[in-house]
Amino acid sequence: MELTICWLYGRTMNIYGDRGNVLALAQRCRWRGIEARVIELGVGEPLEPGRCDIFFWGGGQDREQVAAARDLQGPKGETLRCEIEEGAPLLAICGGYQLLGYYYRPHRGEPLPGLGVFDAWTEAGSRRMIGNVVVESEEFGELVGFENHSGRTFLGPRARPLGRVRIGWGNNGEDKTEGCRYRNAIGCYLHGPVLPKNPQLADFLIQAALQRRYGEVALTPLDDTLERVAHSSAVRRAQASR
Amino acid sequence: MDPRLSLAVGVSRLSATALRRLGWGGGTALPGLLTSLVDPAALSKLSRQLPAGCVVVAGTNGKTTTARMLATILEQAGHRVVHNRAGSNLVRGITAAIAEQSSLLGRVRGDIAVLEADEAAFPVVVRQTSPRIVLLLNLFRDQLDRYGELDTVARAWGEALNALPTASGVVVNADDPTLAALTGELAGRRLAFGLAEQRFALDRLPHAADASVCRRCGTAFTYRAAFLSHLGDYRCPGCGFERPPLDVAARAIALEGLERLSFEVTAPGQQPWRVEVPLSGLYNVYNALAAVAAAHALGIAPELIRAGLAATRAAFGRLERVCYRDRSLVIVLIKNPTGLNEVVRMLTSARVEAPLLILINDLDADGRDVSWLWDADLEPLAQTGLPIFTGGIRGADMALRLKYAGLPEERLRVLGDLPGALDAFVSELAPGQTGYILPTYTALLALRRALAERGVASAFWRQ
Numbered sequence: 036m037e038l039t040i041c042w043l044y045g046r047t048m049n050i051y052g053d054r055g056n057v058l059a060l061a062q063r064c065r066w067r068g069i070e071a072r073v074i075e076l077g078v079g080e081p082l083e084p085g086r087c088d089i090f091f092w093g094g095g096q097d098r099e100q101v102a103a104a105r106d107l108q109g110p111k112g113e114t115l116r117c118e119i120e121e122g123a124p125l126l127a128i129c130g131g132y133q134l135l136g137y138y139y140r141p142h143r144g145e146p147l148p149g150l151g152v153f154d155a156w157t158e159a160g161s162r163r164m165i166g167n168v169v170v171e172s173e174e175f176g177e178l179v180g181f182e183n184h185s186g187r188t189f190l191g192p193r194a195r196p197l198g199r200v201r202i203g204w205g206n207n208g209e210d211k212t213e214g215c216r217y218r219n220a221i222g223c224y225l226h227g228p229v230l231p232k233n234p235q236l237a238d239f240l241i242q243a244a245l246q247r248r249y250g251e252v253a254l255t256p257l258d259d260t261l262e263r264v265a266h267s268s269a270v271r272r273a274q275a276s277r
Numbered sequence: 010m011d012p013r014l015s016l017a018v019g020v021s022r023l024s025a026t027a028l029r030r031l032g033w034g035g036g037t038a039l040p041g042l043l044t045s046l047v048d049p050a051a052l053s054k055l056s057r058q059l060p061a062g063c064v065v066v067a068g069t070n071g072k073t074t075t076a077r078m079l080a081t082i083l084e085q086a087g088h089r090v091v092h093n094r095a096g097s098n099l100v101r102g103i104t105a106a107i108a109e110q111s112s113l114l115g116r117v118r119g120d121i122a123v124l125e126a127d128e129a130a131f132p133v134v135v136r137q138t139s140p141r142i143v144l145l146l147n148l149f150r151d152q153l154d155r156y157g158e159l160d161t162v163a164r165a166w167g168e169a170l171n172a173l174p175t176a177s178g179v180v181v182n183a184d185d186p187t188l189a190a191l192t193g194e195l196a197g198r199r200l201a202f203g204l205a206e207q208r209f210a211l212d213r214l215p216h217a218a219d220a221s222v223c224r225r226c227g228t229a230f231t232y233r234a235a236f237l238s239h240l241g242d243y244r245c246p247g248c249g250f251e252r253p254p255l256d257v258a259a260r261a262i263a264l265e266g267l268e269r270l271s272f273e274v275t276a277p278g279q280q281p282w283r284v285e286v287p288l289s290g291l292y293n294v295y296n297a298l299a300a301v302a303a304a305h306a307l308g309i310a311p312e313l314i315r316a317g318l319a320a321t322r323a324a325f326g327r328l329e330r331v332c333y334r335d336r337s338l339v340i341v342l343i344k345n346p347t348g349l350n351e352v353v354r355m356l357t358s359a360r361v362e363a364p365l366l367i368l369i370n371d372l373d374a375d376g377r378d379v380s381w382l383w384d385a386d387l388e389p390l391a392q393t394g395l396p397i398f399t400g401g402i403r404g405a406d407m408a409l410r411l412k413y414a415g416l417p418e419e420r421l422r423v424l425g426d427l428p429g430a431l432d433a434f435v436s437e438l439a440p441g442q443t444g445y446i447l448p449t450y451t452a453l454l455a456l457r458r459a460l461a462e463r464g465v466a467s468a469f470w471r472q
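Each protein sequence line maps, in turn, to chains C and R.
Just so you know, the first sequence maps onto residues 36 to 277 in the working numbering.
Just so you know, the second sequence maps onto residues 10 to 472 in the working numbering.
No lab work stands behind these hints: they were computed from the structure.
Quick list of simulated restraints, FRET-style, between CB atoms:
#1 D210(C) to P254(R): 55 to 65 Å
#2 R72(C) to G193(R): 35 to 45 Å
#3 S112(R) to S161(C): 38 to 48 Å
#4 S112(R) to D210(C): 51 to 61 Å
#5 L39(R) to G79(C): 50 to 60 Å
#6 A253(C) to P440(R): 48 to 58 Å
#7 P440(R) to R162(C): 46 to 56 Å
#8 R116(C) to A210(R): 38 to 48 Å
#9 P287(R) to R140(C): 49 to 59 Å
Looking from chain C toward chain R, a few residues come up when the C-beta cut is under 10 Å (computed):
#10 G45
#11 I50
#12 Q96
#13 R98
#14 G227
Note that beta-carbon positions come from the ideal geometry of N, C-alpha and C, so glycine has one too.
All chains, please: the whole structure from these sequences, using the hints.
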């Protein structure tokens, strides 16, 4: 079996160690004997429908986020939206997450249009929300990460959050929600990176990709002892620092 | 005499002595705070007294080592150098360091200062000291939770540089496109340094090289050679912006294991001449070249520069060697992805096979976000046979990073926090064997405390 991981804007939106998510997806495939290919798709590079199995989109500096938003106003954005509608697994963190909502409104200037996949929108905030986060998710259990954002994301009535923050700010620092879920897409503010310390999320994405390409496939369990140790130590830090 | 300044210096020195007596560490932040409370203009007044002026050294990586090299060169040239040696590089630390080296009448005991400034403190330090020379080393991604994004730091630096007094010179690493662009308007008083050497070029840009896009037009640079992160000989195919011509360059670089490095210096109006430094790694070539370029700008003769570099000793935790229980420990500070990449490159290219202990803390001074471990390329470590131990508050995160880099779990062990991790690691070494310890900043402080408690090494503020 073989999966193609598409790293959206990997060259420009890659801060805060988010490439660890790509490493985690690829390694957890390889350790199971599934071949994993990673392709980076940058500004101006077309997205071919049906070519990619898992999408990852990280955060970037403001300038790079503007370039990505522009790049998705057209057929490329339309293809990505269709893929998500048809069940392609996707993980988007921070800047990428924001652009999957309707818009990101900066302090000055025009709002950046998003793909509108999530019933959500983001407003620039004045306070930077920084720190360790612990999230309770009905679907995925306890999730841990590190947030660092000033954008405040609000969920509309049709949106389902990824979970509720137990420690940390979450989407907007007000309503205790964190992230957003839609079909097999996950958007959130969890750096850390999120997948290595929350391997159940990685396996959810891999499972969904395999199912879509190969039909029902049972995922071989892996030894996640070290992942659990790192997860617990991050949770302890969150408890100590807040 | 300025009674207010005199009082400020007195308060600073007294509080520094008191902190030390109480055993509360090097103590520079509180004395610096008190000094500026008594006399907010203290730093400015003290630095203005220096007849040969101030050199402010700034950059993400290499500040401490470069400042130390430059101070040693200046001492060889007969200067009395005021220097913030303890790595106290925030405004308060710098103020305290100068006050410490002043008389109670508020007179500075020295004729030139070499001050390393933290990236965030740089604009304020430059404004208050009106430096004779600003030495700019590099800008890499570092502690995003503390400094913000690279663009934010670069913008603040640009404003500070544009506000420099016209008499100030700028010595800049032209291999860093961000710094070359920021100093573009200062061309008349800019001295550019860089590597004129193809042999150490990387096959491809590392993942952490995030300033590889032109600031003017947003096009990705093409590189004739990339040497270290995004440092290299670059050109923008979009607008034609490229590495400016080098005034002071290093060529014929030789890296000899972990013991020494040497290179040939070319500078205007001089025959090429060779320098040797008892440090290793390409990053230390950049540090030494920066010190050479600044010394050249200050009019120091090559033979004095050469003598100064030869006499340079490793700074606190920068390839520092200590002996403990018949074992030899080499300590190399790691702070950010680029620094870690270069340490990995140095260890693997020197074919080091000794055990490694990586200590990761996530306190404020380390950066509370340990995501950066995933921006570093640790895959080359997985290719070697060396056993790796991890420790510190976030040692488990480091172990996990190494697991995903492909390191077999049987070569990987999590030792927990200091000081236990030190004892456990040393017990793994055979007598006479060398072990390498890579700590983050506060882990380095904890390591040093643990070593001091075990009768090894003196406290760093006495260096």
